[in-house]
Amino acid sequence: MRRWLGHALAIALKDLRRESRTRDYLVGKLVLALLMLLAFAFAFDVGGEHVRRAAPGILWITLIFSGMLGSGMAFSSESENGLLEGLILAPVDRGAIYAGKFLGILALMVGVEAVVLPTFASFFNLPAISLSVIAPVLIGSVGFSAVATLFAAVAANTRTREVLLPVLLLPTVTPLIISGVRATDLGLGGPAVGDGLPWLQLTAVVGAIYAGVSLLVVDQVLEEME
Amino acid sequence: MTDIAHPGGRVARPTDGRTVSVGPLDVASVLAVLAALGAIFYFSPTERVQGDVFRILYVHLSMAWLAYAAFSIVFGASVAYLLRRRRGADNLARAAAEIGLVCTSLVLATGVLWGRPVWGVWWTWDARLTTTLVLWFSYVGYFMVRSAILDPDRAARVGAVIGIVGFVNVPVVQLSVTWWRTLHPAPSVTRPGALTPEMTAVLFVSLIAFSLLFARLITLRLGVLRAQGALVDLIRRHETREGA
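From first to last, the protein sequence lines are chains A and B.
Each position in the first sequence, counted from 1, maps to that position plus 3 in our numbering.
Each position in the second sequence, counted from 1, maps to that position plus 1252 in our numbering.
Please keep in mind that the hints were generated in silico from the structure rather than gathered at the bench.
The calculated label-pair distances, taken between Cβ atoms and stated as ranges, are: (1) B:E1494 <-> A:W7: 39 to 49 Å; (2) A:E83 <-> B:R1336: 31 to 41 Å; (3) A:P121 <-> B:S1463: 50 to 60 Å.
Quick look at which bits of chain B chain A covers, simulated, 3 or more residues with Cβ under 8 Å: (4) 1405-1413; (5) 1420-1431.
A short list of chain A residues far from chain B (calculated; beta carbon distances all over 12 Å): (6) A15; (7) R20; (8) D48; (9) V49; (10) S80; (11) G89; (12) L92; (13) V95; (14) D96; (15) N128; (16) S133.
Using N, Cα and C, we set each Cβ at its ideal position, and we do this for glycine too.
Generate coordinates for the entire structure from the input sequences, incorporating the hints supplied.
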């Protein structure tokens, strides 16, 4: 188990080190997220009262679209020079490869959220920096990254990678969007986590199911990628 | 000219293309669907409130039932493929997914047509409708993935993975959507006691008829997929022989 975690961590740190040197995706994801907040501000005319109703959805759609951007690269960045084959041939459990990639995607998402949440709070003048909002966002990110990693492996090395990832991801993460938006909505209403708790639990359960199923089937996806 | 082994074990000889073999399942499904249509339009009583529109129920429910049956087959065949790696299992999953997608499209289409006169709206974000729509998108993704991957073995593996994930997700989607819409319960279409005995009988006949048609369509698709696989094998073998 420790070896398994060590392998996963090594892959995640490798991806993050690469990212910290090139900043290929973090900057892009961040700028997209902020631009989406801006676009939503125009789209929903945020001056009025009704922005409060739209706000949780705005936050989640922003995070999910920015999360989709660049998730595909988790595997495709290694598609050149047979790097992915090397990784798969390495004497490492494929579940650990999945876990490593998952941690990398999750870390980028959390990094984006660290900037998006304060910006969201100030743009829309809402108490978004509270445990009752941060908790669903973080738990939802875990679930989202779990599916995104699996589908990134599926879409890697296909001709239509950029189209395929959202088409697969969005219907699958419907439960996450629903529960995340509801939990965030209740979280924005007040400091008490209690109201949103059932939705928070649903978010967590859904994430756990995604991670479990992904670990079960990822071997099949990562078998010889050619 | 050599004979090509037909997927069904029979031998298909190259003909002028006019010969069409009609099996018992063809006859049975055609007759059954005709009988069901007759029952739907002539035997079934007209519903007291909804009038003739109600007759769409027979098609709608049959298609819904078959869609779920199809996706269960996709799930089972996908698991079987990943465990045993038999091409037959993958063919079955693919054929069932195709027919399932057609059935789901018909469920949505008949539902929209029915909803307008009965509920007054084409669409409502009721739990069952929403789940069906998400399901439809999931299986559209299934075919997009398969067509994006050139290597047939990898396409089969990845297709099986998507087939499993999509199916496992159905109850989760259903649950979350139901929670989402708890405040706005939509009218339930199938209340117990809502159907007269004649209506139940017609529904039963329709179910059997469309199931037969469904079975026939799947075996038809299976035959084509098997023949395609055999052809690919033949070409491969030919190429390796030429290369040697």
